[in-house]
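Going line by line, the protein sequences match chains C and H. Under this note's numbering, the residue at position 216 of the first sequence is numbered 203, and the numbers go up by one with no gaps. Under this note's numbering, the residue at position 83 of the second sequence is numbered 77, and the numbers go up by one with no gaps.
Hints may be right or wrong, so weigh each one.
Straight-line distance between alpha carbons at most 30 Å, and here's what the computed DSBU-like set of lysine-lysine pairs gives [as the list claims (entries may be wrong)]: (1) C:Lys64 <-> H:Lys183; (2) C:Lys65 <-> H:Lys113; (3) H:Lys184 <-> C:Lys64; (4) C:Lys155 <-> H:Lys195; (5) C:Lys138 <-> H:Lys184; (6) C:Lys132 <-> H:Lys49; (7) C:Lys132 <-> H:Lys248; (8) C:Lys31 <-> C:Lys224; (9) H:Lys183 <-> C:Lys116; (10) H:Lys195 <-> C:Lys132; (11) C:Lys65 <-> H:Lys183; (12) C:Lys138 <-> H:Lys248; (13) C:Lys14 <-> H:Lys49; (14) C:Lys14 <-> H:Lys113; (15) C:Lys31 <-> H:Lys195; (16) H:Lys36 <-> C:Lys64; (17) H:Lys248 <-> C:Lys40; (18) C:Lys237 <-> H:Lys113.
Simulated DEER-style distance windows between Cβ atoms [stated by the list, open to error]: (19) C:Ser41 <-> H:Glu212: 52 to 58 Å; (20) C:Asn181 <-> H:Phe255: 22 to 28 Å; (21) H:Ser157 <-> C:Glu34: 39 to 45 Å; (22) H:Ile182 <-> C:Phe79: 54 to 60 Å.
Please keep in mind that the hints were generated in silico from the structure rather than gathered at the bench. Just so you know, even glycine gets a beta-carbon here, dropped at the ideal spot from N, CA and C.
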Amino acid sequence: MNAENQQEYSNYGEYSVSDKLELSLPKTQIIIEKKENRFSYYRKNSEGQEITKSIPSKKEKVRIEIAPILPLNLPAKKTNDLIFLRLAESIFVEKNSKADILVQFPIEIGVFVVNSDGSKDFFDCFTCKPMHSRFALYGTPDNGKLCMYGKVSLLEESTKPEPYIFAKIRITITNELNEGASVGKIVFPVTHHNIYYMNSASDAHIDDIEAFIKKESTLKIMKIKHVEYSKKDNNWKLAPRADTKAEKRKFEMDRGFD
Amino acid sequence: MAFEILDVQIMDTGVTIGRLLITAIIALAGVIIARVVRLFFKKRFAPNMPVDSAKSLDKLIYYGIIIVFLLAATASQGIDLGGLVVAGGFMGIVIGFAAQSVVSNLISGIFLMIEKPVKQGNQVELPDSGVIGTLIDINTFSSRIQQFDGTVVRIPNEKMFTSNIRTFALSEIRRSDVTVGIAYKENIKKAIAVMKDAIEKNVPYSLMEPAPTFWVTELADSSVNIWVRVWHPRDDLAEVMPILLAVIKDALDKEGIEIPFPQRVVWKGSSNE
């Protein structure tokens, strides 16, 4: 994706529709149009499917917000809150050391209707890359946990992830073992993570995580800790949520991480 | 005059018809309240609970309220249930012999609820009976399984308890298998790569890890048979199986990989023979 193509896409943020609004996202087109007593919503998705909905309203305008949301809704909401990130290249963390990496994080796009009191109602969601709406099992078939799945690559500090397809997440891995460890997958509960987006742009960042590789009795485990995204400034806006925010919970990867 | 009948004692037990009537009214009120509470629970709370917990709690609430009202009614009217218990014990032995299968079903139902080999809402198969479907209820004497065509099969609890039960409830995923035959002239590795790619792209409920696996199982008469094994979320068989073979066939067709079918050459002898 080059810079020129990125310019063609609409941005995240709020839109006020009084007559007609056309939004263009990767392989996705959205048209919201004022009819007699309603606003019609039309979306053609990346697989050629067409979705139409209506917002009955006699108001002159309707406000909507386009924002990144957690990838838990498509193709269906099946998992409690676990996301399985398969690293395209595994990370080797030397003994008693720390690795700090920036990674792609798959996202879905949410469409919200903004009420007159400022509250937001979840209206629609879609993905610009259906290959991200996949499942994986963490563990073995007899006792594994079903997770949403994303195959992700490492990012350089200066590179931007593909807009509307990925956000960024920073992962700090601390290896407390007396031997090196290879990390090929990261699994963690995600529903209490916030996503932030750059207003009137297409950048998105999710809360970070810290991972600690430890040994408990004979088992090597990786403890995962949620860390609030700290580098956000006034240009970053908290994305509304498609679901209610869950309580933070401790999670440890005790079924392998390579 | 009309109310004098209410003071008439029943068989010198000290219980009058009036007291019995009040007991019945309180018990009836208990049943009505139990039904209202049950309805409220079903509408407001049950939808947000696991199916099996909701159904168990539903029964507990319903019968609990009725029992509490019944005990309150008898106690308030001075009716002694001790005699009934003795009579009930004797009757129990008589009924036990007379209605052995009914008691057996009742006991089996209790054990099914305690052991919980399956829970309400689970997909189950009773291979001996040929019944496959979703377990919708375990009642006092029987269990009900709704088959995938919508019909409901009532199974006596005794039969359910003593049958082999196949269920996927213990795992969050399950596997579905299909067999695909390719022509002998085709490259097996290429065919497998094509099928794998097609499944990953077009069967969204197929798990990426564990990934689909492909076993060459048979060098058959007309084809090389490949066993395709796909893992998917436990309850989503209907999202995978109807499209799996179609996706594979489309992908093989697109790549020009032949799926052969049995052919027979019929030779007609010459007229000289």
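Okay, the hints, checked on the actual structure:
1. With a CA separation close to 35 Å, the supplied pair Lys64 (chain C) and Lys183 (chain H) exceeds the 30 Å bound.
2. Pair hint Lys65 (chain C) plus Lys113 (chain H) holds up; C-alpha atoms about 19 Å apart against a cutoff of 30 Å.
3. Straight-line distance between C-alpha atoms of Lys184 (chain H) and Lys64 (chain C) comes to about 34 Å, which puts the hinted pair past the 30 Å bound.
4. Straight-line distance between C-alpha atoms of Lys155 (chain C) and Lys195 (chain H) comes to about 24 Å, which keeps the hinted pair within the 30 Å bound.
5. The straight-line distance between the Cα atoms of Lys138 (chain C) and Lys184 (chain H) is roughly 23 Å, inside the 30 Å bound, and the hint therefore holds.
6. Proposed proximity of Lys132 (chain C) and Lys49 (chain H) is supported: the alpha carbons are some 25 Å apart, at most 30 Å.
7. Under the criterion of a C-alpha separation no larger than 30 Å, the hint pairing Lys132 (chain C) with Lys248 (chain H) is inconsistent with the structure, at around 36 Å.
8. For the suggested pair Lys31 (chain C) and Lys224 (chain C), the alpha carbons sit about 27 Å apart, so the restraint of at most 30 Å is met.
9. Restraint check: the Cα-Cα separation between Lys183 (chain H) and Lys116 (chain C) comes to about 28 Å, which is no more than 30 Å; the hinted pair holds.
10. Taking the CA atoms of Lys195 (chain H) and Lys132 (chain C), the gap is near 22 Å; set against the 30 Å cutoff, the hint holds.
11. Of the supplied pair hints, the one linking Lys65 (chain C) and Lys183 (chain H) is violated, its CA atoms being roughly 33 Å apart against a limit of 30 Å.
12. This hinted pair checks out: Lys138 (chain C) and Lys248 (chain H) have alpha carbons roughly 26 Å apart, not beyond 30 Å.
13. For the hint linking Lys14 (chain C) to Lys49 (chain H), the alpha-carbon distance of about 45 Å lies beyond 30 Å, and the restraint is violated.
14. Simply put, Lys14 (chain C) and Lys113 (chain H) have alpha-carbon atoms about 43 Å apart, too far for the 30 Å limit, and the pair is violated.
15. Restraint check for Lys31 (chain C) and Lys195 (chain H): satisfied, since their Cα atoms lie roughly 19 Å apart, inside the 30 Å limit.
16. Proposed proximity of Lys36 (chain H) and Lys64 (chain C) is supported: the alpha carbons are some 23 Å apart, at most 30 Å.
17. At roughly 35 Å between alpha-carbon atoms, Lys248 (chain H) and Lys40 (chain C) are farther apart than 30 Å, so this suggested pair is violated.
18. A hinted pair counts as satisfied when its Cα atoms are at most 30 Å apart, and Lys237 (chain C) with Lys113 (chain H) qualifies at roughly 28 Å.
19. The hinted range of 52 to 58 Å is satisfied by Ser41 (chain C) and Glu212 (chain H), whose Cβ atoms lie roughly 55 Å apart.
20. Our hint of 22 to 28 Å for Asn181 (chain C) and Phe255 (chain H) is violated, since their Cβ atoms are close to 56 Å apart.
21. The beta-carbon spacing between Ser157 (chain H) and Glu34 (chain C), approximately 44 Å, falls within the hinted interval of 39 to 45 Å.
22. Evaluation of the 54 to 60 Å hint for Ile182 (chain H) and Phe79 (chain C) yields a failure: the beta carbon distance comes to about 35 Å.
Checked against the numbered hints given earlier, this structure breaks hints 1, 3, 7, 11, 13, 14, 17, 20, 22; the rest are met.
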